[in-house]
Structures are given as structure tokens and as C-alpha cells.
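Colleague: Hey, can you work out the whole structure from these sequences and the hints?
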Amino acid sequence: MTPMTAPAIPEGGDALLSVRDLSIRFGRGPGAGRVVDGVGFDVRPGETFALVGESGAGKSITASAILGLLPGGAELTSGSITLNGQEVISATRSSVTRFRGSRIGMIFQNPLASLDPSFTIGNQLREIIGLHRPATRKRHQHEIAETWLRNVGIRDTARVLAAYPHELSGGMRQRVMIALASLSGPALLIADEPTTALDAVVQKQILGLLRRVIGETGGSLLLITHDFGVVSYAADRVAVMKDGRIVEQDRRERLLTAPAHEYTRSLIGAVPEIGARFRLAERGLPRRLGPIRENRPAPPAPAPPAAAGPLVTLRNVRKEFVVGGLGTGQRKRRFTAVDDVSLRIERGEVFGLIGESGSGKSTLARLIGGLHKPTSGEIVFDGSTVSDLPRAALRRLRPRFQFVFQDATGSLNPRIPVGEQISRPLLRFGKAATRAASRARAAEVLDLVSLPASYLERYPHELSGGQRQRIGIARALALEPDLLILDEPTSALDVSTQASILDLLLDLKDELGLTYLFIGHNLAIVEFLCDRIGVLKQGVLLETFHAAELFAGERHPVTRELLDAVLPIHRDAPREVPVGD
Amino acid sequence: MIFTASPNGRSLESAKGAAPRGRRSRLRTNAQVTIALIIIAGFVLLGLFAPLVAPYDPDLADGSVKYLGPGEQGHLLGTDEQGRDILSRLIWGGRTSLIVALLASATSTVIGGALALVAGFSGDRVAGLIMRSIDIMFAFPVIIIALVLAVIFGPGTVVVVLSIVFSAIPYVTRVIFAEVKLQRGREYVEAAESLGAGFFSILFREVLPNVLGQTVVYGTGLVGGMIVFSSSLSALGIGVQPPTADWGRMISEGAKVIISGNVYPALLPGLVVLVVALAFNWLGDGLRDLFDPHHRRAGR
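Those protein sequence lines, which keep their order, are chains W and C.
Numbering (our numbering) for the first sequence: 1 to 581.
Numbering (our numbering) for the second sequence: 582 to 881.
Simulated from the structure, these hints should not be mistaken for laboratory data.
Any given hint could be a false lead.
To be verified - Here are the simulated lysine-lysine pairs, DSS-like style, with alpha carbons at most 25 Å apart:
#1 K762(C) <-> K373(W)
#2 K509(W) <-> K431(W)
#3 K332(W) <-> K509(W)
#4 K332(W) <-> K762(C)
#5 K537(W) <-> K373(W)
Claimed, not checked - DEER-style ranges, computed between Cβ atoms:
#6 G215(W) <-> N611(C): 52 to 62 Å
#7 P117(W) <-> A759(C): 15 to 25 Å
#8 N611(C) <-> K138(W): 56 to 66 Å
#9 N110(W) <-> S703(C): 26 to 36 Å
#10 F335(W) <-> S703(C): 18 to 28 Å
From the three backbone atoms N, C-alpha and C, an ideal C-beta is built for every residue, glycine too.
Modeller: Below you can see the structure in the form of C-alpha cells.
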């Protein structure tokens, strides 16, 4: 059945969790798809085992099988899963429920969805304590809950215990989730993309915490991730999954240093790393993450800027939001999202904005893109003061600055074919005289983003995540903008898709002489793509610098913190870190 | 209240997350819509050609043939407490009931939907004004409205339709408003704005297609309740005037004689209303699925 020989499972003696020849299929009959195909691995006591792969590789479904929580429609066709030598698959429902939680703890990607919104954190902790230690008294339960919150690095335990999930930050919620999953001292903790929804800075803290917790409880961690930085930071051994199969598994150092499988190599190569662009430049290679696109005409030298002066200038821009007020049950108060920001974006440059979530990056982007009006200050786009323009004049200017949004799925209308979504604005702005002309232009921009013209007829749900983001870029480019505002366009994508989108953006910039405003929270990506970088914190622009000056001595502590949060892929030879400039 | 029943069927969201439904369920949807259309068209045709089809004069009371069972003495479905032919009354009654129900549900859905769209996309003031007015409409007793309208227009179909519309609008608006609010938060609205779409273009070309499914389901779901509701106005003497037949009043008149063992005068119109209401629910459900591109292209 399996065309390739299953990679040998390193004999580890007494494994804690042992998965053998696991196969799971979805659906029945000839249309049934095998989502997991002959997967086998061992997790040894005390180690962190990472299951790596892109979306659809079958990582999460494997974890569900271990927990006995396969979704409806999925069927286990063969294989065995043993925990401490005890078969899990054949276990009855009640015994599965018993060891789920007590011997296996689970941490999900989105802690807001997995915590019950209508109960306080204290309530939820006590409930779990009550389940696993029925004899515990109420007061003692409270103490245990407090201890565990402290264990996961929460200091103001009284506030958190009384809080509802929505009152906590994402990182806090994930800490609570870790406490919930590990307070019964499970032998195995499964963490499914535990940090994907979190900031880079918080991600590092949470990963460190997970390692510490299993160190203390003496358990093992099965870490599911798509990020080789996470693997490099946290894992002892790694298995790489693709299309339901494990293509390679090995110790972390060996797998990262000398990946045996082509697929592993391409995945690791797709990760943008700090300083990669300069290393590529030194070797005379173009700044691209994947293979260079061929059969393209050599990009004409970018047209020299027609007019002098910066494309965008911000002077003392400030944006306040009013939150609460009548009918919301909250006191009315003002919240400053962007605080006195002044900056210039030159023609033809890529300007990067970076900061933690809530730092005001997206608000600033929407101000520049004319979707919000600043409370005070002015925004000048190529000579016209956008912030003061009347509605109609602003609309006429809109084609010149276009957005590409973070969530490609959400930013496309689900009920309208993508071709129509591209051609409508063309007709609206008179960029195409007839319907036919607008279709032709739409086909043209699809070609720019390497999609066939037949995709014009498709609805967004018929495309993959990466294709949708290409449509988002094509829709923006169709209007021939001068400035493209990219709001974390790759953060929801797989590594290899992200690499191809970043490469595409670099290609397009060369071909069309565009100016980019790129917003991100991952410094490695921002540094790879951008010429100049601005760092935001709590609405304040702390500093701007050239990408090459990232390591200069005078960098702001917040920038250093962001740099520190990047999880590099450690190969066995220590990477030379460029110091200074 | 009768309009509070939430539309049956899955929400748009759940259908979105699921894997594309297969060909079989698509056929089933088509079959469902077809059957619903056949039933509705059947009743509409019967009503249209009532003078030709109905075997008797629907208002002709014949004291000698009261309470006949189905099939007795040439009366296919029997007769009622005044000796009128039930089948003929059902055929003629469809004229009033279907017109009232269709007109009222279409009008209230369109008005309520438009209010919801505008309220959902306006600033706090306009939205507040619309939604608080809706709250006031909620609080208004329908009967009072109907009485006032009856004084103005004189009792009849117009009063029935207007008062049903008035009482149904708040429900439609509330349900669709919630849906519109949800859509407003979606990024595609912001994307449309950045692509230069104006207020009405966003409302009608971007958002409307996304709430149309729910609106149609809710609107068609109202039909059954409206037929029955119109009868209570008739019972007050401000609706359709006796002896003109309508299904709602046939049920309420028949209900009075059930206790004496004569079930048919109430049961038969009740069944008809049930079948028609079901057909409209199916139609709405099926149309929603056909509107949904996830479904439309499932075969590819």
C-alpha cells in the first residue's frame, strides 16, 4: 500500500506513547480520502516530540486519534496507539474519558474557544480539580488553583481567578489553558499549535513555560506545529508529516542540520530568517525564498520616481477611539490607538511596521489607507492631504493606494465570483470602459499573480488560502496603485505558501515599481522584505531604521525584545550573527 | 407571538465550515424546491380558477346537508355547520388566504430587510432611531393597530395585510439586523470601501447577497403563521367579511363545533394550512441553499 518505505522508528525502548501504522480515512466508498496513512512514532518519557507539517498534513487528526476524539466522518482503519503499553483505540468510551485529562492533557490553538466563556477561570480550574481529585475540599481546591496559576507564571492570581476568559489577554488565556491541562499531572501533554494565535514575544514565553511544566511534572510533550523556529526552540525529536505520512523523523539537531528528505529541506528553506537577505546578497543570489520564477521577461529597471519627495508623509497623527458608553454597560472612555506618529514613506521603498498585537499597526495602516480619519495631525499622499479630503475626493484618490488584508478569506466576499470582485472596481473608477475590458484586465492581473484566467469564475471557497491571498493582491493591483498596504498578508498562511507570497511581492515590486507598507509581527519576515522598519508600541512610533541597521547598538529595547522573540533555526554549526553594520 | 419561531434549518455559518455537500444533497434540495413549487402552484391555480373548479357555490348555505362527512351526498370533503361545501370553500378561501399571506410576508420582509440593512450600516444615531422605533412597534398591540386601520379603511383584506405587515416588520428587522451586523464586521466590507465602493454599493451589492439567504428563509417561514393570524382578525370582525371564505376563519369557525364531534370543518382547512406552510418553508430552505455558492459549485 505504502509506496515509500516507512521511515524506521528509532528504537527507544520503553516509549510512553507509541503509535503504530495508524491510518484514518474520511468518508466512505470510492470518494473516501486517507488523511492519515500508516503513521508511526514513539514519544519517550520526559521528551518533547514535535509533529511538523503544513495544513492538511494530518497532524491534528493524529492528535485527535490519540485523545479518542476523532471528528464525525473520520474512521480509524488500522493501527494501534498505546499509552504506557495500554491500548487506547480499543478502550471503551468511559475508560477513554477517564484517562483523557488525567493521563493526557490537551492544549488547543485558540484558548478563547476552548475556555468556557460564561464561567470564571477559578470556576473552571476548580471544576477540573474536582473531577480528578474528588476528595479535595473546596478550600483546598482554591489553593491548588492558585498554586497552578503561579506555576504558569501568573502573578496576580486573585484577579485571574475571578476573571472571565474574555477579560484576559491571549497569552494569559494560553497560560490558564496550560494550567488546566497539566494540573492533573498527565504523563502526556498534547499541544496543537499552542502559539500560532499569539505574538512572537508571547510565543517564546509560552514555549518556555510548556518546557518548564513538563520538566516539573516529568511528563512528555507532543507538540504539533508548522513552524521550524518552534521546533528548533522546543523539540527533542521531530517527525515531518506530509499528506498523511511521516516523511522523516529524527533527532532535532540532525533533522535541522542535515534533512534527509527533499520536502523537509524545502520547508526549512522556506522560513525567512534574520539576515538571510544579506547572506543571499553576499553570495550574489536574488532575494527570494523559493526557486526563482522562470520564463518571465527580465524585469525592466524600475521606472525612476516621476516626482520627487516622499509618497506618504504623516505629521503628528493621532487616533482616538471612544469605547463604551450608553447601552454597552461600560463607562465611556477614550482609547488612543495611534499617538503622535510622524513618518515618511519614500517612493519605491518597502516600509515595514512592526509591533506586538494591540500596538496600533493596523489602525495606522487604515489611517494611511483612508479607512479611518485621524483625530488630529495630517496624512499627505503624493501632495494631497488625505486626512482633510471630502469623501468624494478621497474616493477618487483610492485607486492609488490599495490594501491587501491579513485574512484573505474574510476580505473576499463569499457570494461573488472572484473575477467580478476584481472587475467591479475597474468599472467603478473608469479603468475599464466595458465589462469585457474589465474582464480582460482581471485576467491580466491574475497572470501577474501566477493564477490561470479560468479562476475568474470561481468563488473564494473554491480556492486555497494561498490562492485567495493571491486574488487579494491581484484585486489591489488591478487598479494600478502606487502604494500597496499589506496588513500581515502572510500570517495566516503555511510556511511554503508564505514564502511564495513573499517572493511574489518582491517580483511585483521589481516589475511594477511599487511602494509597499508592510505590517507584521514577525521581525524575521519584516527584515527580509523591508528597506526601512518602524517599531510601534502602544501607538507610539519608537524608532525607524534601515533593515541593515537592525543590529546596531542604538536600537530601542522594544526592538531588541522583538528580535529576541524570533526563534531562529539552530543548525549544529552556530550561525554567524552579523553584529553592527 | 406567532412570528418568533426562528427559521428552521442550518445557519449560513455552519454550512460554510462544512465540506462541500455532495451531489445527492444537491438533488435533494432541487427535489425539495420542486415539490414545494408544485404544491404552491397547485393552490394558486386552484384559487385562480376557483369559479371553474369549485363544485358548489362556497357561500351557499343549505340547512338540509349540515355536517356531512367526506364523500357523502356528492360533497367530496363534506359540509360544514351551515351546510356549505368544504371543498368549494377551501378552493375559494385560497384566494384570500394566499393573497394575504404572500403580500404580507413579501412586504414585511422587504421593508424589514431594508430597515435592517440601513440600520446595520448607519452610524449610532440613525441605527438607534430605527431600532428604537422597532422596539416601539414591538410594544404596540396588533389588535389596536388593526382596529385603527379598520376605522380608516373599513374592514377588509387591506386592513388584514397592513396590520400583519406592521406586526411582522419588527421581527424581520431584528433577525436580519443581527445578520447584517455580523456581516458589517467582516473584512470584505472594509476591502470594498478601500476599493472605492459607496454606501449603497456596499449595502446592496456586497452585503445583501450575504444576508439574502437568511432573509428568504425567514420571510417564507412567516407564511403559515400569517394565514392563521389573519383568522383572528376575521374573528374580530375587522378582517375579511363573512361569508367570504378564508382558511383561517374556516379553522376558527370549525373549532367551535369540534366539541360536538364534527372534526372535518376545522381539520381539513388546518391540513391545508399545514401543507402550504410546509411548502413555503421548504421553498425558503431550498432557495437559501441554491443562493449559496458553496452549494452551487459543489459538483466541481
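Colleague: Can you tell me whether the CB distance of N110(W) to S703(C) sits inside 26 to 36 Å?
Modeller: holds (32 Å)
Colleague: For the range 15 to 25 Å, tell me whether the beta carbons of P117(W) and A759(C) fit it or not.
Modeller: holds (18 Å)
Colleague: For a C-alpha distance cap of 25 Å, please report whether K332(W) and K762(C) respect it.
Modeller: holds (21 Å)
Colleague: Can you confirm whether the C-alpha distance between K762(C) and K373(W) stays at or below 25 Å?
Modeller: Given that 25 Å is the threshold and the Cα spacing comes to 22 Å, the pair holds.
Colleague: Kindly confirm whether 18 to 28 Å is satisfied by the beta carbon distance between F335(W) and S703(C).
Modeller: Between F335(W) and S703(C), where Cβ atoms are some 23 Å apart, the hint holds.
Colleague: Using the C-beta atoms of G215(W) and N611(C), is the stated range 52 to 62 Å upheld?
Modeller: Between G215(W) and N611(C), where Cβ atoms are some 60 Å apart, the hint holds.
Colleague: Straight-line Cα separation of K509(W) and K431(W) no greater than 25 Å?
Modeller: Holds, at about 21 Å.
Colleague: Given the hint that K332(W) pairs with K509(W), test it: the Cα-Cα distance must not exceed 25 Å.
Modeller: With Cα atoms ~44 Å apart, K332(W) and K509(W) exceed 25 Å; violated.
Colleague: Does K373(W) lie within 25 Å of K537(W) when you go C-alpha to C-alpha?
Modeller: holds (20 Å)
Colleague: Do the beta carbons of N611(C) and K138(W) sit within 56 to 66 Å of each other?
Modeller: holds (59 Å)
Hint violations for this structure: number 3 only, all remaining hints satisfied.
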